[in-house]
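Colleague: Quick mapping for you: the protein sequence lines, in order, are chains D and R. Residue numbering for the first sequence follows the numbering used here, beginning at 1 and increasing consecutively. Residue numbering for the second sequence follows the numbering used here, beginning at 250 and increasing consecutively.
Treat the hints with care, since some could be wrong.
As the list claims (entries may be wrong) - Simulated coverage check for chain D against chain R, where a stretch passes if three residues somewhere in it have a Cβ under 8 Å from a Cβ of chain R: (1) 50-62; (2) 77-91; (3) 174-181; (4) 184-197.
Just so you know, the hints here were simulated from the structure itself, not pulled from any lab data. What you are looking at is a predicted structure, and each value in this text was computed from that prediction instead of being measured. For every residue, glycine included, the Cβ atom is placed at its ideal position computed from N, Cα and C.
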Amino acid sequence: MATLSPTLSVKYPQTRGGGGAGAPPISGGGDGDGRTGGNSPDHGQRLRRARLGLAVGITPVIMLFVSFTSAYIVRQGLPTLDVRTNTYVHDWMPVNLPWVLLLVNTVILLVSSLTMELARRQITRQAALAPVQSIPGVSLGEERSLPWLGVTVVLGLGFLVGQWMAWGALESRGFYLATSASSSFVYLLTGMHAIHLAGGILALSYAAITSLLRKPVEARRIVVDITAWYWHFMALLWIYIFALLEIAR
Amino acid sequence: MASTEIVHAHAAPQGFIRKYIFSLDHKVIGLQYYFLALIAVFVGMALSLLMRIHMVWPTANLPIFGHIQPETYLMFLTMHGTIMVFFVLTTAPQSGFGNYFLPIQIGAPDMAFPTLNMLSFWTTFVAFVVLLAAFFVGAPIHGWTGYAPLSAVPSAGPGEGLGADLWITSIAIFCAASLMGALNFITTVLDLRAKGMSMMRMPLTCWAWFITAILGLLAFGVLLAAGILLLMDRNLGTSFFVPGGLVFTGQTAVPPGGFSPSTTPIKHSGGSPLLWQHLFWFFGHPEVYIAILPGMGVASQLLSTFSRKPIFGYKAMVYAMLAIGLLGFVVWGHHMFMSGMSPYSAFAFSIMTMAIGVPSAIKTFNWLGTIQHGRVRFTAPMLFAIGFVSLFVSGGLSGPFLAQPVLDIPLHDTAFVVGHFHLIMGVAAIFGIFAGTYYWFPKMFGRMMNEKLARVHFFFTLVGTYAIFMPMHYLGMAGQTRRYSQFTEVGFLTRLIPLNKFLTYAAIVTISAQLIFLFNFFWSMAKGKKAADNPWEATTLEWTTATPPPHDNFGGRTPVVNHGPYEYSVPGASRDYVMQTDPATAATPAH
């Protein structure tokens, strides 16, 4: 039985510098590697379209957090009526964030972004080699690599557990959701981010399940690819939220 | 960019459910949106009729509704506004016609993401059902703008409990649905245009749907944010919008819903009601353009087609729409001149608002330039397109008045504003929908609508809507307040009662005239004259395909575009129109 060593050169889509790029490349980046699928230009097209859809789709997420941010900044500087004295006072109460725990969470999320990228490259490679592997009698040998997708899901869940603990730490310091405007915003921003990240975890789990269902690797790759870009966006968004909450207390 | 070689992602479905209910076909989804809006518009119209009757005969004992209480009037007001703005004016022209004709007009087999498209419709449907559910638990009384703190405190008034929760939930679901739709529209325009269909060869309808989708993409996320904050204020005890020290008391009328008056101060403190207004109107003003831009696109398309002339200033039309969309995001403060904002901010918002007059005037003059010296065919769709321009001008002219703080402050809470926005946002957009319906009906259902009935419908609707909304400007200047359920007892307003009665009669006649449309619509669907593939002798791609279009729109062909969308009366051409897919020749140079 012939064995072909994987010496094919695979063009990866360019990830823009600095680890965890923002928006996925709308065109250009996706063009080359889509066609390495050889006889299935359809998948390349679909990948490009899905990436475009994602780039468009994260715009409202950005708008959502822009709205929260503007509300946050405005509320911070807003004098409010004190009913007891009937005067306008500044009642903003800076929240004492459990920043060590949040820093740990940040590291977990950044590492998950890295493993997500590894998973994305892994499946890109698999998708590129799939046509070769489908030739009868050709085997590329077992690919020895970690299940990065699973690792990312675990790390993502770890981040959510960490956020849960951070909320617990906030409560132990006396900052509940309705304690003050500042604490409401902390829960709001971290909570909305957690919900969006949970959506990413669902998408990853879907991709992991479809790998068991023997869906064609090219189709699975599209799910993993756009979830990866979304995941990097989530990491950036978290850094932004963390910075906002720390700097503009 | 073009992707004509792509195969259709899904084969034609066979079963009834896959074909008509959970269909992935953009044409079926477009019709689903259209029929949803058709149901919604009749609900909304019935509510407006009840309101008009109550205004002039406040003590009347109506058949089903009995004696309308003031809070019931406010519930009708809220539901009328919400249904009309979200489920008619946003749904029919953009999601309805846009879904059906955008892919065909750019030569695509379907939307970019058919499953998302289906999901988007059914999410809209759920939002509509949730909104209607509010009727059965006591609808909220805070108006379609939902100003806090009335909307933020469940004990603030009748209907502000579960009813208001359902209202906000419905809005939030609608936001999600609209965002999915906008994502699909933008990706489709950017990625699925046929070979030769450059952006500047797209029909102006496609430009309008595209720009509207961008507005929706940016605006609905903000409304969603506001809705989330409002739900948290109502249910989780936060104080984003609720200031401290509020006491709700003095309610005398207790409806069957079980509203109990409370005199205990609420537990919130420190919130800002104005924050809601800022977030809401940051969405709300672009929403006005979401409602009207598709109508502008349809009007441009029809005026050119039925004048047998190219559209006057195609590029200017595109840039004007872009300018209107852009400016729409920086004028939200003009809805808030009453809020005590700094005169400096008010001045900035005022200047920006009046600047919108420039692109609007460009569009209007270009429409008139298109008709001028044309061989105008006065068909029903053309009549409605001209009606659109007429209403756009009449409604738009009162805009610069309201854009000035010194004039807006006395006029803001009067019927003047009601007349203004009903003409420009309500009726003008509705005329766009009617024009689109009469124009595309042959393509959608394979039969022509009855022309005589359509003309009768046009006459009653144009004269009727002017009769209803024009006098409102006068009523407003004479001091008639809006949102008040009853004014017949107010001394200085009694002399306005005869005019108000005239408005109500006009409303009854105009609403009855819509039954002509309804009859024509369903009768023509079954019995209308069979339509040819291109009955209007138009140039855009939907008229090159069969009637109604096959599942993949072009029956296996992939259209190639050689011409711009409005090549009418081209010198040297054999016919007075050149289809976009006609081969390029020396006599008919491509753009």
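Colleague: Are three or more residues of the stretch 174-181 of chain D within 8 Å, CB to CB, of chain R?
Modeller: Check passed, 4 qualifying residues.
Colleague: Under 8 Å between beta-carbons, do enough residues of the stretch 184-197 of chain D, three at least, approach chain R for the coverage claim to hold?
Modeller: Our answer is that it holds, as 3 residues pass the Cβ test (under 8 Å) against chain R, meeting three.
Colleague: Apply the coverage criterion to the stretch 50-62 of chain D and chain R: a residue qualifies when its Cβ sits closer than 8 Å to a Cβ of the chain, and three qualifying residues are needed.
Modeller: holds (count 8)
Colleague: Please verify the coverage claim for the stretch 77-91 of chain D: does it have three or more residues whose C-beta sits within 8 Å of some C-beta in chain R?
Modeller: Satisfied; 6 residues make the cut.
In this structure, every one of the numbered hints holds.
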